[in-house]
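Protein chains in written order, with my numbering: chain A, 23 to 300; chain B, 8 to 577.
Treat the hints as calculated values from the structure; they're not laboratory data.
Be a bit skeptical, because a hint or two may be false.
Said to hold, decoys possible - Here are the simulated DMTMM-like cross-link-like pairs (lysine to aspartate or glutamate), alpha carbons at most 20 Å apart as the crow flies:
| no. | chain 1 | residue 1 | chain 2 | residue 2 |
| --- | --- | --- | --- | --- |
| 1 | B | K516 | B | D548 |
| 2 | A | K38 | A | E64 |
| 3 | B | K248 | A | D293 |
| 4 | B | K574 | B | D473 |
| 5 | B | K574 | B | E471 |
| 6 | B | K453 | B | E395 |
| 7 | B | K496 | B | D526 |
| 8 | B | K496 | B | D74 |
| 9 | B | K248 | A | E292 |
| 10 | A | K38 | B | D403 |
| 11 | B | K248 | A | E284 |
| 12 | B | K248 | A | E295 |
| 13 | A | K241 | A | D204 |
| 14 | B | K457 | B | E433 |
| 15 | A | K246 | A | D265 |
| 16 | A | K238 | A | D204 |
| 17 | B | K164 | A | E295 |
| 18 | B | K537 | B | E568 |
All figures in this text were calculated on a predicted structure; none of them were measured in a lab.
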Amino acid sequence: MTALPDKTALTAASFKSDYRPVWCPGCGHYSVLSSLTKALAELGLQREEVAVVSGIGCSSRIPAYTSVYGFHSVHGRALPVATGLKVSRPDLTVIVTGGDGDGYSIGGNHFLHACRRNVDLTYVVMDNQVYGMTKGQASPTTPADWDKSKLTPRGTGVSPFHPLAVALAAGANFIARCYAGDPNGTARVITEAVRHPGFSMVQVLSQCVTYQPGQKEWKTTVRKADVTTTSDVELAARWLMADDGLSTGILYLGNRPVYRPELRASASLEDLETAFRV
Amino acid sequence: MSDQTVSIAITGAGGAGVMTAAQMLLDAAASAGLYGLMARSSGPQIRGGEVAAFLRLGARPIECVDDRFDVMVALDWLNVERFAAEIVLDAESLVLCDQDAGEPPPRITATGACLTALPLQETVKSLEGGRLNMVGLGVLAGLTGLPEEIVGEVAAKALKKRGPAVLDAGLAGIRAGIGLVEGMAGSCRLAAGTSTAARWNFSGNEAAGLGAVRGGVRFVAAYPITPATEILEWLAPNLEKVGGVLVQAEDELASINMIIGSSFGGTPSLTATSGPGLALMMESIGLAVSSETPIVVVNVMRGGPSTGIPTKSEQSDLNIALYGLHGDAPHVVTAAHSIADCQFTTQWSVHLAEQLQVPVIVLTDQSLGQSRAVLDRPADLAFISRRETAAASVTDYRRYALTASGVSAMAIPGTPGGEYVADGLEHAISGRPSSAAEDHAAQLDKRARKLELFDYGQHWANIEGDGPLCVLTWGSCAGPAREACARAKAIGIATRLIVLRLLAPAQEKQFAAAIDGVDRLLIVEQSHSKQFYRYLRAYYDLPGNVRLFSRPGPLPIRPGEVLEHMKAWS
Numbered sequence: 023m024t025a026l027p028d029k030t031a032l033t034a035a036s037f038k039s040d041y042r043p044v045w046c047p048g049c050g051h052y053s054v055l056s057s058l059t060k061a062l063a064e065l066g067l068q069r070e071e072v073a074v075v076s077g078i079g080c081s082s083r084i085p086a087y088t089s090v091y092g093f094h095s096v097h098g099r100a101l102p103v104a105t106g107l108k109v110s111r112p113d114l115t116v117i118v119t120g121g122d123g124d125g126y127s128i129g130g131n132h133f134l135h136a137c138r139r140n141v142d143l144t145y146v147v148m149d150n151q152v153y154g155m156t157k158g159q160a161s162p163t164t165p166a167d168w169d170k171s172k173l174t175p176r177g178t179g180v181s182p183f184h185p186l187a188v189a190l191a192a193g194a195n196f197i198a199r200c201y202a203g204d205p206n207g208t209a210r211v212i213t214e215a216v217r218h219p220g221f222s223m224v225q226v227l228s229q230c231v232t233y234q235p236g237q238k239e240w241k242t243t244v245r246k247a248d249v250t251t252t253s254d255v256e257l258a259a260r261w262l263m264a265d266d267g268l269s270t271g272i273l274y275l276g277n278r279p280v281y282r283p284e285l286r287a288s289a290s291l292e293d294l295e296t297a298f299r300v
Numbered sequence: 008m009s010d011q012t013v014s015i016a017i018t019g020a021g022g023a024g025v026m027t028a029a030q031m032l033l034d035a036a037a038s039a040g041l042y043g044l045m046a047r048s049s050g051p052q053i054r055g056g057e058v059a060a061f062l063r064l065g066a067r068p069i070e071c072v073d074d075r076f077d078v079m080v081a082l083d084w085l086n087v088e089r090f091a092a093e094i095v096l097d098a099e100s101l102v103l104c105d106q107d108a109g110e111p112p113p114r115i116t117a118t119g120a121c122l123t124a125l126p127l128q129e130t131v132k133s134l135e136g137g138r139l140n141m142v143g144l145g146v147l148a149g150l151t152g153l154p155e156e157i158v159g160e161v162a163a164k165a166l167k168k169r170g171p172a173v174l175d176a177g178l179a180g181i182r183a184g185i186g187l188v189e190g191m192a193g194s195c196r197l198a199a200g201t202s203t204a205a206r207w208n209f210s211g212n213e214a215a216g217l218g219a220v221r222g223g224v225r226f227v228a229a230y231p232i233t234p235a236t237e238i239l240e241w242l243a244p245n246l247e248k249v250g251g252v253l254v255q256a257e258d259e260l261a262s263i264n265m266i267i268g269s270s271f272g273g274t275p276s277l278t279a280t281s282g283p284g285l286a287l288m289m290e291s292i293g294l295a296v297s298s299e300t301p302i303v304v305v306n307v308m309r310g311g312p313s314t315g316i317p318t319k320s321e322q323s324d325l326n327i328a329l330y331g332l333h334g335d336a337p338h339v340v341t342a343a344h345s346i347a348d349c350q351f352t353t354q355w356s357v358h359l360a361e362q363l364q365v366p367v368i369v370l371t372d373q374s375l376g377q378s379r380a381v382l383d384r385p386a387d388l389a390f391i392s393r394r395e396t397a398a399a400s401v402t403d404y405r406r407y408a409l410t411a412s413g414v415s416a417m418a419i420p421g422t423p424g425g426e427y428v429a430d431g432l433e434h435a436i437s438g439r440p441s442s443a444a445e446d447h448a449a450q451l452d453k454r455a456r457k458l459e460l461f462d463y464g465q466h467w468a469n470i471e472g473d474g475p476l477c478v479l480t481w482g483s484c485a486g487p488a489r490e491a492c493a494r495a496k497a498i499g500i501a502t503r504l505i506v507l508r509l510l511a512p513a514q515e516k517q518f519a520a521a522i523d524g525v526d527r528l529l530i531v532e533q534s535h536s537k538q539f540y541r542y543l544r545a546y547y548d549l550p551g552n553v554r555l556f557s558r559p560g561p562l563p564i565r566p567g568e569v570l571e572h573m574k575a576w577s
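Using the sequences provided together with the hints, build the complete structure.
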């Protein structure tokens, strides 16, 4: 989307609100918020043209920390809210933000169908492998032997799943992984994700300093992916399943048709009555 | 205008064409200037199960089934046990069956009905490409006196695309059927139709769809569920024609949240479901209350609880519609009371939702939704959605500002200066989350006040008559109640009928005025746990003398039953 000539191009700072985030010092989400606002500025958008939709969780607090339109909805339901908004208002740029619990657990079904439906949305999942807001429970991406939660004191015993492989199989049109420790890289990927048509999935490894302090090792273990972006689903699937979940980059670019109904009237209200007339 | 009606039951195995014949009979009655109501009953199988069609035809608009059937045409006797309780027969009823279909079930003969066996299958076999249902249609045309030309025209229209052979066989079948009953008793003759009014033939579900679109709805997200699916089937192509869209969601949780998102974007939005789906939607209906997002949820009630009886009607979702939200979550609940009123109430509900920025739950039921009626064209209505929105380049915008009416302007995305975050969290007037006592109190008051202060006008209820014996009811019970009141009036009992259309918020002052002078109040409803009665007790002062006629589904409430209660009290 190009900014109209008579509108001032906004800086990243203009996309931030003056609301102080509730996050812990050192939380990865501060960096993701910066990346998001950088991307909006880079895309040359106006505040009123953007809506950020979230569910419930620490990362779902993001809409209030931006100065654009937003909907802080209920746990797991950000994607359908965003879908309804984008389908009826295709002129808006709609971004969905949330965490691994909100998105993959209670939101799991909507995640599958949003990928399938391929509406032009960008979904930024801040994955810290834990439920932070409710004080430290395992999520669908937590390792099976993580025993720090009072709910699962001997570990969940349940293996985490591969969200990006699931996104690919479900039909997502753009798949990327980023790291909150690289805000500029994340900003670039979000910009590309918004630009790419269809459902764009961006998983950001965003450390939880309070409940997953071990994630500081991501500084050394996260690396740039050693593959180039592919449009080959089979190749992407094999690579994603083989990867340890710590490689960053734009991993898959699809070209499936985007779900965008036309919304054009071709008849009047009176015409609808004809079928009823005796 | 003659009050006489004829009630007809047609039964047969699925695939025998019972519904086709019934539909043609209704269409023929319509063409002949008559009115009618058609309902159906079927087994659970998608293919091959047993089917029964119930019609009531007459020279005046018909809103409910009668107490009994004048004639039953049984194309065969397979599984007719299933419908026995619904097909009320007596010594004056005619039962026509096939002489080659075996013995009629004892339950049918025990009614004392006048049984006549006809050579139906034999007639079918004597015709080239003959079909049983077309002979049955002819039999009914002959008995009711519907002109052969009119029935033939209707059949021609319906069968045209099946080719000339099928059409000719159909017309021959009708003629043969008429021939079979020539000279039979004229007790089922219909008085001639004289209606020159513009009339429609539609179902309650179609009416609800039309009401939604007329009210301004242009986005629907929904999940199929019996008995609401036809609303969606009508909306899918028709919304598209007027520039809207229907999205089939993955479940009801997606449906309700999609329409919230769409409404947030400025588009009047609606979904339709039944009890189990409504239960799933409760959390997000609360989100719509808290974020003050207008939405309409049409709930076509069916037998409950849980999976219940999906293909039958009941009025047992009143409780969940009124009380199903967690927290103090005031919202609007309306109810349609006839097939035509499905259109009126849905359209009015869209208007209320938009005006008050609130979810409105519209209650209809299976008997209204899936029955077809020939009735006078419903009047055009003045309500269209009128949402109060923030002007472009608004300054110092406060989404949830405390206004006198309780309604605050909603900034639609795309409006510069109006940027805000809609939230389910309790909030300050800016929309920022807040747990402060004064913010919670202020916003709770705002959300309640906006509904309480609004003038709902005359539409909150239909009040007919001013007698001291009052029947108070809602939804599809209105039809039998109205007919009972008409019969009571004819025998000198002065009645009053109050049918509530607005259930929440309660209208105390108006209700008190409506029952002024009532000394006997008969409450009629179709639930087991007296949901309507308990609701009335909770919100209204009832007069001293109150009686209750309540029964759960699946059998319809009949006018004669209501009349018996009224007579016992006169």
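Okay, the hints, checked on the actual structure:
1. B:K516 x B:D548: 10 Å, holds
2. A:K38 x A:E64: 14 Å, holds
3. B:K248 x A:D293: 9 Å, holds
4. B:K574 x B:D473: 17 Å, holds
5. B:K574 x B:E471: 19 Å, holds
6. B:K453 x B:E395: Within the cut-off at roughly 15 Å; holds.
7. B:K496 x B:D526: 17 Å, holds
8. B:K496 x B:D74: Holds: K496 (chain B) and D74 (chain B) sit about 18 Å apart, inside 20 Å.
9. B:K248 x A:E292: Holds. K248 (chain B) to E292 (chain A) sits at ~11 Å (cutoff 20 Å).
10. A:K38 x B:D403: At roughly 17 Å apart (the allowed maximum being 20 Å), D403 (chain B) and K38 (chain A) satisfy the hint.
11. B:K248 x A:E284: The given pair, whose Cα atoms are some 11 Å apart, holds under the 20 Å limit.
12. B:K248 x A:E295: 12 Å, holds
13. A:K241 x A:D204: OK: K241 (chain A) and D204 (chain A) at ~10 Å, within 20 Å.
14. B:K457 x B:E433: 17 Å, holds
15. A:K246 x A:D265: 12 Å, holds
16. A:K238 x A:D204: Within the cut-off at roughly 13 Å; holds.
17. B:K164 x A:E295: 19 Å, holds
18. B:K537 x B:E568: Holds. K537 (chain B) to E568 (chain B) sits at ~17 Å (cutoff 20 Å).
When held up to the earlier numbered hints, the structure conflicts with none and fits them all.
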